[in-house]
Each structure stands twice: as C-alpha cells, then as structure tokens.
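S.K.: Let chain U serve as the given structure and place chain R on it in line with the hints.
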Amino acid sequence: MGARPSGKSSGKILIGLNASSEYMSIQYASKSYSKSEILSLLHPRVARWYSRFEPTPPQAMAIPLIHNGENVLITSPTGTGKTLAAFMTVISELASMEDNGSLDDRVYALYVSPLRALNNDIRRNLLVPLEEIGLNFRVAVRTGDTPSSERQRMLRKPPHILITTPETLAIVLNATRFRRFLTPNWVIVDEIHALFENKRGAHLSLSLERLNRLVSFQRIGLSATIWPLDEVARFLVGNGRSCVVVNASYAKEKDIRVETPVPDLIHVNADTLNKEMYRRLNEIIREHRTTLIFTNTRSGAERVAFHLQDSVAVDDIGTHHGSLSRDVRLDVEEKLKRGELKVVVSSTSLELGIDIGYIDCVVQIGSPKSISRCLQRIGRAGHRIRDVSKGVLLCMSHEDLLECAVMVKCAYEGKLDRASHPKNALDVLAQHLVGMALEQKWDAEEAFGLVRKSYTFKDLSWDDFEKTLRYLSGGYGLEPYKVYGKIWYDERDRVFGRRGKYARVIYMLNLGTIPDEVAIKVYSLPGKRYVGNIEEEFLERLEPGDIFVLGGRVYEFVRSSGVKAYVKDAKGKKPTIPSWFSEMLPLSFDLACEIRRFMGEAFRGGVGLDELKRKFRVNEWAARSLLNLFKVEKEFLERHGVEPDGRSLIVEEFKDEDGRQNLIFLFLFGRRVNDALSRAYAWVASKEMGVNVGLTVTDHGFMLTIPRRKKVDVYWLISRVSSSNLKEILSRAIRNTEMFKRRFRHVAARSFMVLRNYKGHEIRVKRQMRNAESLLRVVSDLDDFPVVKETEREIMEDVMDVENALTVLRMIERGELEVTPVRTPVPSPLAHGIYLSGLSDVILMEDRLKLLEYLYRRVVEDADDKMG
Amino acid sequence: MLTIKWAKLLEDLGLMIEEIGALVVADLHLGYEDVLREEEGIFIASQYPKMKSLILEMLEEASPDILVLNGDFKHEFGEASLQEWIEVRDLIETLVKEKVKLVFVRGNHDNFIVTLLRKYELPLIQEARIGDYLFIHGHRLPTQKAEYIIMGHEHPSIVLRDEFGTKFRYKAFLLGEYAGSELLVLPSMHPLATGTVINRERDYISPILKFTDVDSFTPFLVEPGLTVKQFPKVERLRR
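Listed in order, the protein sequences are those of chains U and R. Note that the working numbering has the first sequence beginning at 3, numbered continuously upward. Note that the working numbering has the second sequence beginning at 72, numbered continuously upward.
The following block holds chain U by itself, in its conformation from the complex:
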C-alpha cells in the first residue's frame, strides 16, 4: 500500500542510481513558492492578472518547476487549480512571444484529455483569462465532433494551443497537411489517472513517442488521486526521461461517512432496504443545495433517477452516464453549472473532472471498490479549494459495508490502492505501426526503439514486435495474397511501409481502443418498463426461457426485436445462464487484504462500537450491522468447528435443487485474484470430471458449479493448483471460456483484424459477431498469432491478477491460510451474495470428444426436458 511520500526539495536534475542506458529520475517536490516568487517569473501582464489570486498548493509548487523546463506530474483533487498551474507558463511564454512578434503559426501547446466535454470547458477556461489579460493567441478544440470547416480553418490559421483527445491526436499525427504545425513546446495530459490503467493510455503513450521523434517537448501531467506516483510519472514522460512529482493530494479537506439506511443490514428484506435507501437519499437531497449521486452501473443510475421522481420534481433531477446522448449529457452539465439541479445521478462519467459548479454533497450507493475512486468521487463535492469535500457512502449489503468502512479508514490514513497498467499491448502496437507506416518507410529496428521509449512498451520483445509486423503485412496465411496486408514488411532488410490504397482509410476510421458495443435496451413485460442494457453479443446467446441477472434482478428472456429485448420478471428463480457482460469494477487486492486483516481483528474481539464510529467513520446503524456481521460469521465458524482467527478460508459445499454440487470459496481477495484462482480450480475440476464447470466470481469469493451429479473433493482440488503450476494451468484454462471469446473479439477489432469501418462503410456489430467463435477456432491453429497472444495477455495480466493469486497460493502452502471445507444445507449468509450474483462464466472441457459425448448424453438422458 502507498503511504504519503516524503518530499525532497526540487533542484537540479540528479542522475538516477541506475547507471544503465535507462536512467530515470523521479523526484518529489515539496517546496512551495511564495506568490511574489511566482509573479516574478511571469510576463508582467500575465502577472498582473494572476496577482488577484492566492496560489493554490499545486500552483505554488508546480509553476516554477514548469517554468524551469521540468517534466512535471501534478496530482491533486478536482477544483484545486491544476489546469491553471499547467497553463500559466504557457500563457506567459506565449505572451512574451506575442510582444516581440515571434509568435508563429503553429501549435505551441498541446492539451490532451480523455473526455470530449471537458475540452470545450478548458477552452472556455482559457479564453477568459486570455481575454482579461488582453492576449490574442488562438485556442482550438479538435475532436471527432469537430466539423470539417473547423479543421480547414485550422490549416489556414493553426491554433497556438490545441485541445484534443487521445484518439484524435493519433489521427492528427497522420493528417499530412496539419502535421507540420504540430510542433509543441509543451504537452499537457489531463485526467491521467483515467488513462494510466487502460489501453487508451498505452495508445496515447505511443502517440507521444511518435510526436517526440520530430520535436522535443516538455510534458506536464495532471492527475486526480492515484498511486504509485512513480509509475504514473514514468508513464507520462516515457523511458529514460526525468520528472518531478508535485503531490498536492491533500489539498482539500474531506468529510466522508459510511452509512446504512436500516438498523440491521444483515437481517433485512430487500423491499424494506430499498425503501429506506430512498428515504435516506431524499433526506440528504433536502438538506443540501445540490447532491451528486454515484451508482456503479448505468442501469442503476436510471433506476435511482426514476424513483427519485416520487419525491423530487423531475426538472430538478439530472441523469448522466455514457449511454446517454451527448446533448443530454451537455444539458445536464450546463444545468448543474447554473445551479438549476437539486440532484444529479451518475454512473461514472462525472468522475472525470468537469467544472460543473456547485455540489455540496456526494452520495455513493454501494461500494466504489477502490480508495482512489472513492476519493475521486467524493472530491467532486465542494467547489472551491477551501470547501470541504463532503460525501456519504450508502451501503446496501454487508459486502458494501465491509469494503466502505475499511476503504474510508485507509483513505484517512493516507493509504491508496495500487493502480496497474497494461504492458506490451500488441493490438495498440498494431494500430500505431499502421499509422507509422502511413507516414513513411521505416527501419524496423528504429521503429522498435521508438516504441520502447514508451513506458508501457519498455519490455517489448523484438520477437513480438516482428510478429506484429508480420501479421499486419498479411502473414499468417495471407502470403499468396499479400495485397490484403495493411503494410509491407521486408524481413531480410527489416524495413516496412504502407501498402494498399485502403490502409489510410482503415487507420483513420478504425482507430481507438474502446470496443464497439451496441447496447440492447431491455424492457420488462407487461408494461415495457426499461430495466437496463445488455450487449448485442449477449443477446445472441439468449433463447426464450433463459433466466439471467441484470442490474441485480432476475429476468426470463421472452423475445427480441431489433435493438430491443423483452423479458419478464423471474424473481426467486435461479439464473440459468452466465451474465458475463456485467463486469463491474474490481475491488483491489490491497483493499481486500486490509478488510481481511480487519475481520481477523474483529474476531479476536478487538473492535468496538466507538472505534468503528470514530476510525471507520460509520454511523450507528452501520456500526451495529458490522458487529452483527462479525457475530454471525463467528457463530457460523464455531458451529462447524472452525477457529475464527482470520486464517481460515472457508469453502462451503452444498447440493442445489438440481442435484449439482456447488462449492463456494469465501476467498476475500478481490475479483481479479478470484478470476484467476477460480478458473484454475474450475479447469482442474473440469478435466478430472469430464464436465463443463459453471463459474460465479465476485470480490468476496467464487463458486464452482459441478453438473451431472459429479462431485469433487475440496482438499484434492486445492492440492492440484499450486504456486508452481498456476500460470501453466491458467494459460490453458482461459482458452475454453466465454471470456476468451469476448475479449478476442475486442482485441481483433483493435488489431484491425475485424473492422468496424471498411472502405468507408460501417459494418454492423452483428455481422462482426457472427463468426467470432469460428474465427477464433481458425486462428487458434496458428502459432503465436498476435491477436490470440494479446487476448491471452490481456486476460492474464489486465483482467486477472496472477501475481497476487500466486501470493495467496503461497500463503496457503506456507500454512498462513488454511482452506477449510464445510458442508452446509444452504449457503450461509456470508455466501449468499456470491450464490445469488449469477453465473459469470463457464469453463469448457478441453477434450472435444468428451464434450460431444457429454452433450449427447445430455440430450439422450434428459428426455423430458426440452433439450438441444
């Protein structure tokens, strides 16, 4: 876990300890400069304008560093003046240039942010000071929505400050006529915490290296709360470059409370809980001017906003999430700014910094899953830096309560959970190689060197790099028809370049890392009430009668028509098919360990009501619920002869009404570790029993469902998976899962193997989907096919947390944790959540002959069921 770092005073650049060619120096600033010191650095007119403000902590620390030419990463909460900190130097320098007439027609500062709406805001925020100071530089926004007339104008009069998104930057790099104006002195990357952990960030880092090849620039990164800062700094500047970190994360005070809306969360029925949630929400809304409510899912946001209409005027409510149209979202943002809304309900999009005006309280329903996210969300409250960020975490299950209580305690102790980033993503690489080939002919080794300057590709092997080149040039079976390659690659001379008249169109129209998902709206019959969205891919699998979980509720599929699906309520029935589309954000392993540590303490009698309220900031009811939870768990363990010392890993074994053995592993390690462990165990069981195994995975544990009256012994199962064979088992296990097919499709799209737009016309996702399984089968035969390899890597490294799964296995092997099977007639209260959450995936038998046999027996033996 990360703790508050101690700073060193910033000064000259020190060469890092690693004396190899990869020297990297990351330093932490702690010196705060005075207002007069800062003003003395700025151009007089700019200084005069800035003098009306008191420098905020990030400004006081960062402005002189930026002025000095350092690469800087600033981390601080929203509303603390980060953006201005970044732009002061830019404005000041450009003002000097304007004065002595040396301001050319080119881009001097490039500002990149992942959110489009933000870009218009930034522009406004820049134009105001520029106007007030009396400066005449050109500021322009360029995104996917920018009309071509605007883009034409930019060719004639290039902006001095260009505001854009990561995707558009990659496009602009290949805009032959505009590219020559793109020679920035400064590159500012905003919301870097939202880019670091995913492929969007990896994509951006390659764009920056491509840009950097022809022009050197200073890099400034702006981030909300995230850890570890070293990594993020290295990600920002790339390999071999130095950076100073300005950590002003504690600039804003916070007041976070953990609550539950009922006196006893453990013994309450769902309807009462729901009713009381709205009662409490309404209370909070009434007490505050504007409340921002976060749910974890889009359908949740819709539902809450809908029900709030019972007590709040519909015009005072705004809903904001990614499935809504841009106009609707902009409208909500505008209304918020003008203070016209009493409450806004959002899933995640408002987490990204938008200057949205006055919010005096943030409510999070359910667990935000990570300390960073919790702080990022709560940090939206309190507009000005002196305001306290006030937030309530409203817990709706015992899992929520455990997570939130420990999360908040950690937040107050200055601890954060570790963020990780995707490394060596070959699909992202493929996109940029095509882009690079479009620019010119390349020496492959030089290109390799460029790619490796990106921190996310620093360990890329030449072998993988070359395989990707080969794949793009039409290798892997397309040899006789090399005309279908997007690049040509001469393996002997190690040179590559563009090929074909469509390479450019493919690149421009298919760029991007966010997978194309068509959202199918689901309505419940009778009455056609909207209940949520599913993916088109999921719809393809559905057959009438299938029962699945959506938004926490159970439904039976009736029929579909176009982009609409119709279901009927199936409350009380058990789901019959996996809901692998519901991939919620995972609880971090670090936090999961803290929670386990906390529970261990609680069992030893170490936690009382007062301490809970004080240290964990829980309200009376939440405190009592927690104590109740510990009591229930302790009783359960003792009843089964298990010592409640926090060392036991309980595995509940019970037979469901279909006669299937269900094993519920109460492994509180977070979803990413559980995704790994569960699949390893499931694969072993599948191999041994010759059956497909159903998998349910949550942050608090996982469940294996063994069909056909087969049974597996828990001790035997545990013995078959060890820290020495886990990786090997997993690389085989993941191949035969639905998850693999799904991720393969996304990776195939990113790798330009399956296009969403070819030769200028859009291709419907439905048609792409049709062949995913057979496509996968066909390419699986190929050796080391980059698209398959990247799918594996993505699952093994980004989705699953194999390293920490190994840690858990080692703890079991050393006896620090003891697996204890327990037989129960029904799932215990602790296992309930896992049992009800609906299947997540299926591990299929590897042996295709056995599989066919199995399906045959299923048809022949279950003669009464409708089979097939």
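Any given hint could turn out to be false.
Stretches of chain U that chain R covers, calculated by requiring three or more beta carbons in the stretch to come under 8 angstroms of a beta carbon on chain R [what the hints assert, rightly or not]:
| id | region |
| --- | --- |
| 1 | 542-556 |
| 2 | 747-757 |
| 3 | 847-853 |
Keep in mind that the hints were calculated from the coordinates and are not lab data. Positions of the beta carbon are idealized from the N, C-alpha and C atoms, including for glycine.
M.R.: Showing chain R alone in chain U's frame:
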C-alpha cells in the same frame, strides 16, 4: 468416421460411397474470405490450403474412382477476385493430376467456372446420376428419381447447449427421406461458411427441405478431424 447402411460419413466432412467408388464433398466456397473482407471487414487467411489438404488426404485414404464436387465449388463474388481464380485454378489442376474421375455438380454460386472447366474438358452438370445415386446441389428440386439423393447447399448445423446455456454449434450430415428416396444432406467443407441451424430454424433455403419433414431426419454431428457422432432425430433436439 461413421458407417451408415450405404455410405461412410468422414470426419473431414466428406462422404464415401463404396458401391460406386465415389468420394463426395460439397460447398467449398473458394473465395469466401473475400466476401468476409469486403462485406464484413474481417481479415482472415484463406481456408483453401486446409480444405485442399483434407481433400487430398481423403483421396489417399479412400482411393475412390470418382470424386464428386457437389456444388458451390466457388463463392461467386461480383467480378471473380484474385484469390478465387488462384484457388479455383489450383484446385482443379491439382485434382486433375489425381487418378480419379472428376464430377462437378453445379451450385448456385458456380457461375464463371464453366470456361475454366472446359479447358480441362470437365463438364459442369446440374444433376449427376451414378448408379442408384443422384447428386444434386440442392438449390432446385431434382428432376429425376433415384434410390439415394445426395445434396449440399443447406450447410446444415446443429446447436446444442450445456447445463449453463453455453451454445455449441456443430456441422452435421442429415439423413432422411424425400419423396420416397433416401436423402443425405452434406455439410459445407468451409470452416467459416455459416449455414442453417437445423434444430432451430424451420425456414430452410433448399426447396427440397421445404417439401419434407426435416424434424424426422437424423443428424450426424461432426467434430472436425476427430469424429462423427449420430444424434437423436432433429425433433428431439428442438427447444
């Protein structure tokens, strides 16, 4: 492979009829990958090399006197593409070298190969009658009667589900009856050509299947390269 009364169903998707010494394959759809590319934006290697080697292997093992290509040898694609021509010519030239009589039955996609076949003096016929066996593609009703009718065109497949609702799709041979004759429908040899899910749909492409009770047909599911397995009748596999 699996033996039925009058033929052997091969796990490489071919059919061997000993009585007349004929090996039969159907629906190769050479050039299909071009369609995938142009219409669906999918870039995938040609499956021709794989199909070619499977056919050669089957020829080697079964040593038939006759090889029947039962329609849709190629996938018509507007102006025939480069890939199509290379592959079609290559396969014809390869097969011509094998010591086997070639019979090309015309499928609905086989439009431009007449001239090419003529070069090798190979006719392209609508229906091929060899002994008691009638070979047709299946996009039209047969004009002759025969004890056994063998067709392609439909690309039959069967969908099965496991306990957890996972769907598995298998190519299948279908054995049934049509107007007093025994009817066998061959699966498509092409790994990516989609077809009709026999146990889910009722709207068949072939007019022949429209005029018979497909529910009473017996499906033989194929795990390519591994096995062919007989399953209960189609009606038992419906939901």
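S.K.: Compare the structure with each hint and give your call.
M.R.: Hint check:
Remark: the region 542-556 of chain U is confirmed as covered by chain R, as 5 of its residues place a Cβ nearer than 8 angstroms to a Cβ of that chain, reaching the required three. Restraint check on the region 747-757 of chain U versus chain R: 4 residues with Cβ-Cβ distances below 8 angstroms, three needed, restraint holds. Coverage of the region 847-853 of chain U by chain R holds [criterion: at least 3 residues with CB-CB distance below 8 angstroms; count 3].
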